[in-house]
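Peer 1: One-letter residues, chain by chain:
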Amino acid sequence: MHGWEGVTVEAQAWDPRQCELLRRIMQLTFQCVDLQLFLDTHPSEIRAVDAFRSYSQELQQVKCQYEQSYGPLLSYGFGNLCDGWTWIADPWPWEINWRRGV
Amino acid sequence: MWVYQKALEYPARVRATNPALAKNVITQYGGPDGELGASLRYLTQRYTMPIPQAKAALTDIGTEELAHMEIIAALVYNLIKDASIEDIKRAGMDGYYADHDKAIYFVNAVGSPWVASYIQSKGDPITDITEDLAAEQKARSTYEYLIQLSDDPDVTDTLRFLWQREIVHFQRFGEVLDLLQEYYGHQRYFDMNGWDPKAVR
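Residue numbers (this note's numbering), protein chains in the order written: chain A, 1 to 102; chain B, 103 to 303.
It is worth saying that the hints were derived from the structure and are not from the lab.
In this text the structure is predicted, and so the values were computed from the model without any measurement.
Where hints are given, some of them may not hold.
Stated by the list, open to error - Cβ-to-Cβ under 10 Å is the rule here; a few derived chain A residues that face chain B:
id	residue
1	V49
2	D50
3	Q65
Said to hold, decoys possible - Using C-beta positions, here's what the derived DEER-type ranges look like:
id	chain 1	residue 1	chain 2	residue 2	range
4	A	S44	B	A218	23 to 29 Å
5	B	Y247	A	H42	17 to 23 Å
6	B	G287	A	D15	57 to 63 Å
7	A	W85	B	G197	36 to 42 Å
8	A	W85	B	I187	37 to 43 Å
Where a beta carbon is used, it is the ideal one built from N, C-alpha and C, also for glycine.
One chain only, chain B, in its complex shape:
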């Protein structure tokens, strides 16, 4: 089960109402490389992991991603809560407003809703951890684009914290991949000819 701690992982800050920025930042809530997808991907991949380090890393990183989802929600909430209808129209957020008012919903930067096909759970631990490495890099790139787009230094500070976490997670998943390769035996992994994964495991 999960236990809620009534505090953010990081003191998320917003300097001023800014629906135009919110419209972009929300992609890390419900976009293809966002925190919802990250969390659900890791938490659902952990069941078929063969070694304790992989089960622990997916559980703990998946849980941390839930905390990041909450940070993104706090940013978006505070960026739009005091916006007028005029602000929202000027920012091009009127389409979002028509469907959600100022509620927080899982969409990407152009309004497409989150879909489960953003993530995979393949049963092959090497395949899954390799996906996770790519996912962390895609999220890191997205944070870099958002930092370029941000005109609020307090939001930028929070985005920089999340950006750093993607780098740490990438490092941890790299270590998990090494441990898995050690577990299966290196030589089999570079001899793909006639390789039968069921025979290996």
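Looking at chain A on its own, in the form it has when it is part of the complex:
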């Protein structure tokens, strides 16, 4: 997990709380991506299914926390709305320049 730890964004660029929640979501999403690929060829590995379930549940929790303040993270009704239509709000993923923390 070398790349996710201690990663922040430049001050003044974007809301630091939003970016920290997003960083945690990215980390948990990746853990689910990697386990999903493993399970595609090892569907009987119960320990991996349990790990997937646990990461997935934590991802759902952090995602709900994020969406309460910043609106949907996923398109087409898979995310939760907050006030109004925030889907179009910046930053888009390529606009955040992540930095190594101090």
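Mind docking chain B on chain A? Use the hints.
Peer 2: Only chain B this time, still in chain A's reference frame:
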């Protein structure tokens, strides 16, 4: 269908404007062993796969490659967005600029556009997964050359993440190939004399 998550798979980082590096990194966007080709190859090969593990692996790896395409685009975008015309000329990126300004387009490191002949979809599952194993190795090699060429430690970190993913995908496709050989029966696969694939399947 696909659902977009408004986040990169990995926190892509760029330390400073660097069009010379962008010119090389863009090959993983639209080059012969890049992420566009990888994604489209897997997503189009999955339809003729006979076993569930192969359909799932091609769907999920093909989808992950789309996320990698987005990471490469984010690197290139951030490497060139603040570049001056002088920076662009000095980096030899003026030819690209003439056609695309600072927009992100599917080309390799010397400007040739992506073509569908970079990929194949052959209908023979063993053939297709063997191509995918080679594709992952070619992408891994390309990331190693890009890491050698990179003079931005933050870009290098992101390239290292993508490099690792090629190794994981190679491992998963190796397992899919084993499962396919098991599905068809090993003995037939090593007896190529007069082998009729239609008869086997």
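Peer 1: Would the hint on D50 (chain A) be counted as holding, given a Cβ-Cβ threshold of 10 Å to chain B?
Peer 2: violated (19 Å)
Peer 1: Does the hinted range 36 to 42 Å hold for W85 (chain A) and G197 (chain B) at CB?
Peer 2: Because 41 Å falls inside the window, the suggested range holds.
Peer 1: Under the criterion of a CB-CB separation shorter than 10 Å, is V49 (chain A) in contact with chain B as hinted?
Peer 2: Violated, because the Cβ-Cβ distance from V49 (chain A) to chain B comes to roughly 14 Å (cut-off 10 Å).
Peer 1: Okay, Y247 (chain B) versus H42 (chain A) on CB: inside 17 to 23 Å?
Peer 2: violated (32 Å)
Peer 1: Using the beta carbons of G287 (chain B) and D15 (chain A), state whether their distance is inside 57 to 63 Å or not.
Peer 2: holds (58 Å)
Peer 1: Given the hint of 23 to 29 Å, check if S44 (chain A) and A218 (chain B) actually sit that far apart at their C-beta atoms.
Peer 2: At roughly 38 Å between Cβ atoms, A218 (chain B) and S44 (chain A) fall outside 23 to 29 Å, so the hint is violated.
Peer 1: Are Q65 (chain A) and chain B close enough, Cβ to Cβ, to be under 10 Å, as the hint says?
Peer 2: violated (14 Å)
Peer 1: So the hint says 37 to 43 Å: do the beta-carbon atoms of W85 (chain A) and I187 (chain B) match that?
Peer 2: Between W85 (chain A) and I187 (chain B), where Cβ atoms are some 38 Å apart, the hint holds.
Consistency with the previously given hints fails for numbers 1, 2, 3, 4, 5, ordered from lowest to highest.
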